[in-house]
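There are 2 protein chains.
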Amino acid sequence: MSNNLVVVGSVAFDHVETPVGIREESLGGSAVYFSYSAGYFTKVKLVGVIGDDFPQHHIEQLKKHGIDTKGLVRKTNGKTFRWRGSYLGNLNEAKTLETHLNVFETFDPDLPEDFRTAEFVFLANIDPELQLKVLEQVRSPKYIVCDTMNLWIDIKRNVLLKLLKKIDLIILNDAEAKQLTGELNLIKAARSIQKLGPKTVVVKKGEHGALLVNENNLFVTPAFPIEKVVDPTGAGDTFAGGMVGYLSKTNDTSFKNLKKAVLYGTVMASFNVENFSMDNLFNLSQEKIENRVKELLENISL
Amino acid sequence: MSNNLVVVGSVAFDHVETPVGIREESLGGSAVYFSYSAGYFTKVKLVGVIGDDFPQHHIEQLKKHGIDTKGLVRKTNGKTFRWRGSYLGNLNEAKTLETHLNVFETFDPDLPEDFRTAEFVFLANIDPELQLKVLEQVRSPKYIVCDTMNLWIDIKRNVLLKLLKKIDLIILNDAEAKQLTGELNLIKAARSIQKLGPKTVVVKKGEHGALLVNENNLFVTPAFPIEKVVDPTGAGDTFAGGMVGYLSKTNDTSFKNLKKAVLYGTVMASFNVENFSMDNLFNLSQEKIENRVKELLENISL
Numbered sequence: 001m002s003n004n005l006v007v008v009g010s011v012a013f014d015h016v017e018t019p020v021g022i023r024e025e026s027l028g029g030s031a032v033y034f035s036y037s038a039g040y041f042t043k044v045k046l047v048g049v050i051g052d053d054f055p056q057h058h059i060e061q062l063k064k065h066g067i068d069t070k071g072l073v074r075k076t077n078g079k080t081f082r083w084r085g086s087y088l089g090n091l092n093e094a095k096t097l098e099t100h101l102n103v104f105e106t107f108d109p110d111l112p113e114d115f116r117t118a119e120f121v122f123l124a125n126i127d128p129e130l131q132l133k134v135l136e137q138v139r140s141p142k143y144i145v146c147d148t149m150n151l152w153i154d155i156k157r158n159v160l161l162k163l164l165k166k167i168d169l170i171i172l173n174d175a176e177a178k179q180l181t182g183e184l185n186l187i188k189a190a191r192s193i194q195k196l197g198p199k200t201v202v203v204k205k206g207e208h209g210a211l212l213v214n215e216n217n218l219f220v221t222p223a224f225p226i227e228k229v230v231d232p233t234g235a236g237d238t239f240a241g242g243m244v245g246y247l248s249k250t251n252d253t254s255f256k257n258l259k260k261a262v263l264y265g266t267v268m269a270s271f272n273v274e275n276f277s278m279d280n281l282f283n284l285s286q287e288k289i290e291n292r293v294k295e296l297l298e299n300i301s302l
Numbered sequence: 001m002s003n004n005l006v007v008v009g010s011v012a013f014d015h016v017e018t019p020v021g022i023r024e025e026s027l028g029g030s031a032v033y034f035s036y037s038a039g040y041f042t043k044v045k046l047v048g049v050i051g052d053d054f055p056q057h058h059i060e061q062l063k064k065h066g067i068d069t070k071g072l073v074r075k076t077n078g079k080t081f082r083w084r085g086s087y088l089g090n091l092n093e094a095k096t097l098e099t100h101l102n103v104f105e106t107f108d109p110d111l112p113e114d115f116r117t118a119e120f121v122f123l124a125n126i127d128p129e130l131q132l133k134v135l136e137q138v139r140s141p142k143y144i145v146c147d148t149m150n151l152w153i154d155i156k157r158n159v160l161l162k163l164l165k166k167i168d169l170i171i172l173n174d175a176e177a178k179q180l181t182g183e184l185n186l187i188k189a190a191r192s193i194q195k196l197g198p199k200t201v202v203v204k205k206g207e208h209g210a211l212l213v214n215e216n217n218l219f220v221t222p223a224f225p226i227e228k229v230v231d232p233t234g235a236g237d238t239f240a241g242g243m244v245g246y247l248s249k250t251n252d253t254s255f256k257n258l259k260k261a262v263l264y265g266t267v268m269a270s271f272n273v274e275n276f277s278m279d280n281l282f283n284l285s286q287e288k289i290e291n292r293v294k295e296l297l298e299n300i301s302l
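Chains as they are written, first to last, in the numbering used here: chain A, 1 to 302; chain B, 1 to 302.
With the rest of the complex left out, here is chain A (with noise of 0.2 Å):
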């Protein structure tokens, strides 16, 4: 095991609408969603901003998971970020309603010092710009793994491409890798993701499950069939915690064992929806992970 993973990203506090009902101020972001995940596969290092509003106990359920907080800097002239958003419409898209950025917009990342040793990495959506702030500050990385949105691929796109020259792994969604790329085909648009610099890239695919490119492999799962989905926030970061974080625990990234991390990373997204927020992210077990892993096999073998 590395137990070394560190991830840079968002905490906040949410309000979603899905067809099931309303949760409001919900605990969320980006960062929580990928260490609650990653957490049960190895040791995650956090680092974010909160606000003066976040409560002690949210801290503390962290540190109880295992997950180290020193990263988390709370701003005591601000409250946390905050987001609304609706699946009313449509449960594969948010509709996003607000977004309150507080604290998070002068969120500046500044990885405590035994932070720096990290060897693998996962620069959850936020700023290309902090993206590449935040490899500056790790010395010795082994593997990079980065997440984006629209925004960025929008009006950060040269920043964002200079980043994506250092990144091992991109894990982002099918509508971002059609953007980033121009190209319709998903496949075609992962392979010229590669041609900007990583060698693996997974794309997203929410219910439609994900595709895996790798040097010159290819591997496509579907996702593990959910008969009710309660709320899809978080879905696609905690899939990329189940997935770096299985590739932490095994420091292994052939691509033999990355197909197996894409299967952890599915089984945990899995979870994560059929409750809100990340309810179901407090209670699982290894038993748990491992009996949807097999049954997950067993839907895709013959």
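Source of the hints: derived by calculation from the structure; they are not laboratory data.
Treat the hints with care, as some may be off.
Which chain B residues face chain A? A few, computed with CB under 10 Å, are given here [stated by the list, open to error]:
| id | residue |
| --- | --- |
| 1 | 184 |
| 2 | 205 |
| 3 | 221 |
| 4 | 288 |
Each residue gets a CB set at the ideal place from its N, CA and C atoms; glycine is no exception.
We have chain A already, so just place chain B on it with the hints.
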């Protein structure tokens, strides 16, 4: 090999517009796509109706492919069924621009005597009353497979429900599965359809692959990764042809073999969409098919 597969469905000429181009007056129809696809696996007996304008060379080509055209009835008082559709807005779903049923409007399938002993029957998408009528003519079918469409689910639901009680396997697309059951979740939809009769349900999801439920079992597979879709027309019937052709050839409808049959269907459909009309189905080989099944297996295996 049961060598004993009858298909009843449409024979048509299509006018298709796709982002790649326009193809006019090309051979189409569910029974024809199915026959060419299934013909790579087993002897196919085709039942359909053509008009006075149907060129003899198309019949010769069907025969050359080993397809028994004895059930292809020529009506000299009308034209062959014509369909005009466009995929310009969405490669996943045809927009029907024109339908001229012509001789297909009074299609009244009457199976030749030696077709009536068929063990495998594929009822392509025609009026469920006609599908029932075909079943009355088949003496001791071993495995009955059907397709349907939104129109029949809408206006002939009761007849369709009567038919489904006699069906072993239904192959339909995601929209049809949702419409038939009112379930938005495809697994729930497939499970609901099982309760209507068919022990086995295959839900086709276009570029996102297919879902198979058989008794309590479940299998999901992505589509074969295609870099350029030229014309999706007939993909569903080509899938069905590969799947049912393989089942008929192997004379084995166990869950294990149904899964393999889904892969053959997936691969046959992938060849079909790479070219206009059924151009790609004319010159395949066992080797090409097996190689692609092998490649698909590699892409979905750990």
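Evaluation of the provided hints:
1. A least Cβ separation of about 8 Å between residue 184 (chain B) and chain A falls short of the 10 Å threshold, and the interface hint therefore holds.
2. The criterion of a C-beta within 10 Å of any C-beta in chain A is met by residue 205 (chain B), whose closest approach is roughly 7 Å, and the hint holds.
3. At about 7 Å, the closest approach between the beta carbon of residue 221 (chain B) and any beta carbon in chain A falls short of 10 Å, and the interface hint on this residue holds.
4. Because the closest C-beta pair between residue 288 (chain B) and chain A is about 19 Å apart, greater than 10 Å, the hint is violated.
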